[in-house]
Amino acid sequence: MTEPIAADVVIIGGGTAGCSTALHLRRRGATVVLLERGVCGGQASGVNYGGVRQQGRDLAELPLARRSREMWGRLADIVGSDCEFVASGHIKLARSDADMAELESYQAAVRPYGLALELLGRDELRARYPFLGDAAVGGSLCAEDGAANPRLVAPAFARAARAAGADIREHAPVTMLERDGARFRLRTTNGIEVSAATLVNVAGAWGHEVAARFGESVPEDVVAPNMCVTEPVPFFMVPNFGVCGGGVYVRQIRRGNVIFGGARGIADRARLRAYPIAMSSLNSCRQTIELIPRLRSAQIIRSWTGIEGVMPDDLPVIGPSRTTPGLFHAFGFSGHGFQLGPAMGAVLAELILNGATSTPIAAFDIGRFAPALHTRQSNPA
Amino acid sequence: MNDEPPIVVGAGPAGCRAAATLVAAGLAPIVIDEAPQSGGQIYRRVPAGFTRTYRALYGFDAAKARRQHDTFDTIKASIDYRPNTLVWDLKPGVLHCLSDGRSEALAYREVILAPGARDRIIPFPGWTLPGIYTLGGAQIALKYQGCAIGGRIVFMGTGPLLYLVAYQYAKAGAGVAAVLDTSSFATTRRAVPGLLRGGSTFAKGLWYVAALRARGVIVANGIRPVAAEEKDAAVSAFLYRDAAGNQHRLACDAIAFGFGLSSETQLADLAEIPFAFDPLQQQFLPERDITGRTPVRGVYLAGDGSGIAGADAAELAGERAALALLEDRGHAVDKRRLAALERALQRIAGFRLALEAAFPFPVDMAAGIADETILCRCEGVTVGEFCREARALDADEINRAKAFSRCGMGRCQGRVCGPAAAAVLAAKLNLPPERMGRLRVQPPVKPIPMAVLSDD
Amino acid sequence: METTLFRRLCETDRPVIRFVLDGRDCEALAGDTLLTALLTNGQRLRSSEFDDGSRAGFCLMGACQDCWVDLDDGTRLRACTSFIAEGLRIVTRSVKGAL
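Residue numbers (this note's numbering), protein chains in the order written: chain A, 1 to 381; chain B, 1 to 456; chain C, 1 to 99.
If you're looking for bench data, these hints aren't it; they were derived computationally from the structure.
We put the CB at the ideal spot given by N, CA and C, even for glycine.
Here are some of the chain A residues that sit facing chain B, going by a computed Cβ distance under 8 Å: (1) Val39; (2) Leu152; (3) Thr230; (4) Ile300.
Distance windows between CB atoms, simulated: (5) Cys10(C) x Ala127(A): 51 to 61 Å; (6) Gly175(B) x Asn190(A): 56 to 66 Å; (7) Arg28(A) x Arg297(B): 54 to 64 Å; (8) Glu230(B) x Glu350(A): 56 to 66 Å.
Whole structure, please, built from the sequences with the hints as guidance.
Below is the structure:
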């Protein structure tokens, strides 16, 4: 019944981060088993808005986001498909002078990281995007940001990882997880038994459960981004739009469907189910029409949501375990992990195989949630 | 004491009968229906100003239609009737209705879902051409609008509706070129003993065939569609193979086709009723028992929306579900009536077995559809594209296949392409269709305007 | 050569409704759905977004969502479940890029 597998690395979680880690490890010769409870990309990686965005991130995330953006640009080389990534540009709209000031200071703050943002005043905004409603007084454009099709990305990484020799098991929830001497031992509901020297915890909204098994309790909550999509509408909107303060974000794919969100659905982490909420969808419709009045004659045909892990400071948990050698975490991407997924795999592979990564990740150290117990200083980003 | 009015969704035979039963017990249900008038599809009421008699409109079912309409007209003053209203989302305890551009959240303790069914199709090359409709659609054009879908029409598919609609068209003076049944004559004949238990239904079927032949209409069994030809942006001919394998070409300007019906199960799905694959009907259906009760407290199912059984069964099921609701509320109900209803439902179930055996859904057709044929007409995804995109990322069930290929992501959310897509994928993987699972419903269950107003 | 898809077989004694279809004055009968009105005056309802074809509806019962048409003010109506009304201005050829 049990099928023991010995590997260098076992990965829990088949989202983009997990599948990218599997691929990068395999490319460097490590043996890899990935265990995914459902199907690869079935949770946060597959249900999100699809924004591939550097602009708007906490500065601490920028090195990781920049590294990932470089990979998005050559995704076809990495996984055999561009996953419909388009650098269509991302515009964050200001609806007040205070918003505009915020955009200006962010533009200055990110320049040292190599991120070039273009500020647009009211007139320039209207000239370029005449379909915007009256509320927008200006905006900040990141020309190299864009969007991709979230449903395709993790499965594409999974396929590439498999082709490279990774052993990826779907429908394989982990029921037993323990450390036995220098190795981790895991068992799944369908009788797979794995032992590995290294364990990667990329279990998304359930990452805190894995961490807790090794004495690292972190306050991971969940959020369900309520997404809506319209029927195909004649194409008119090239960049993706968001607003200062959040609340609504909207993009249009070349086929014409307009995708938007900004409100919350229901995430039932225990039952592994998530539901959009009628009122959230209708509120998002209202906000989207306000932003782009011509959409008032469009119709929505579908809404959805998923379960995303959220940390109290909106920053992910990334890095080695504080308690357990050989355990590495990357979870809790707080609703903005999609763009980071590809680079997460590269970073984790470096951490595991080199002992260090070239990308600054100290700000995401799991130790920040138990400062009384862990005295190690975070390096400035 | 529960004061909240129960809600009935659907004003076809099942919903109407359910509402009438509740009214008779002193309740004042809310009855929500998408259509402007009651009757569902089979007893669809014509718009004001139409003058055909019930006999002309409903044929053998004229008396039943009259009774349905009279019943509903009688109870209208006692119910909260919401026509032209779409239930677009549902969560346990509340449903969201859209009417006249405004969405309202309606709380419920009990709801009887009777949303009916739609035609079930398998694509063939050219099926999206102007002039090609479902059998149900062709029937609505005639019954509801007094129109024929064309001047020289081919009827194709299988099931009793095929013969009924073709006959109705012929009787109304439309040009009926042929009635082509994919079920073989041998299959149908084997089912005769069971069909005879269906009372007059089988006799009617034979009568229709005889009447059609008498008018010179080609009636053939065991056929397989080959393609619809196009001329000037509309259908101009239909190619098919007969039971012996010979190809024929029929000039025509319209085609009506269908292979039985699919239940509208979206609201039952949102109500979190568990589903199971029904091998007889070849579809996933929400679980209910003969009383109409489901595993979800307060949610009842009646009519074709939870399994195809026809209009007579729908009326019985509607009454039975309403009585179950009343029983569950603590009302006294007539036990003999319950038993009589259940006996009648069981009798019809036996007949349905024979009907499905006589006119099986031709799943085998799915394996042979040409790659260039459109599979998802909303999104323009061909059979070839569907298979390629689904398999490129190792999809082995229908929701994954949808995510990778876009098939089922369009306005109709898989109503038209769903059964065929599952059959195509199953054939590709050499697995039975039920292993493909079923499309997960995502609200709104039909398109709704972005500019919807709401009170919240 | 026929230039309409649908043929009226009966129920023709109804008041005439005048409407505009792609800029052309047309007539229908009170009680016609938009679908009937359009297909007794032509052979299409709209263009398919993703192939070269025209579409003319399919199920006639509000299930397939194939028959959505535009009024010239941008309002969208499902043709098989909406009734024709005096003075409606319907377009079946949407201009690419316009909404």
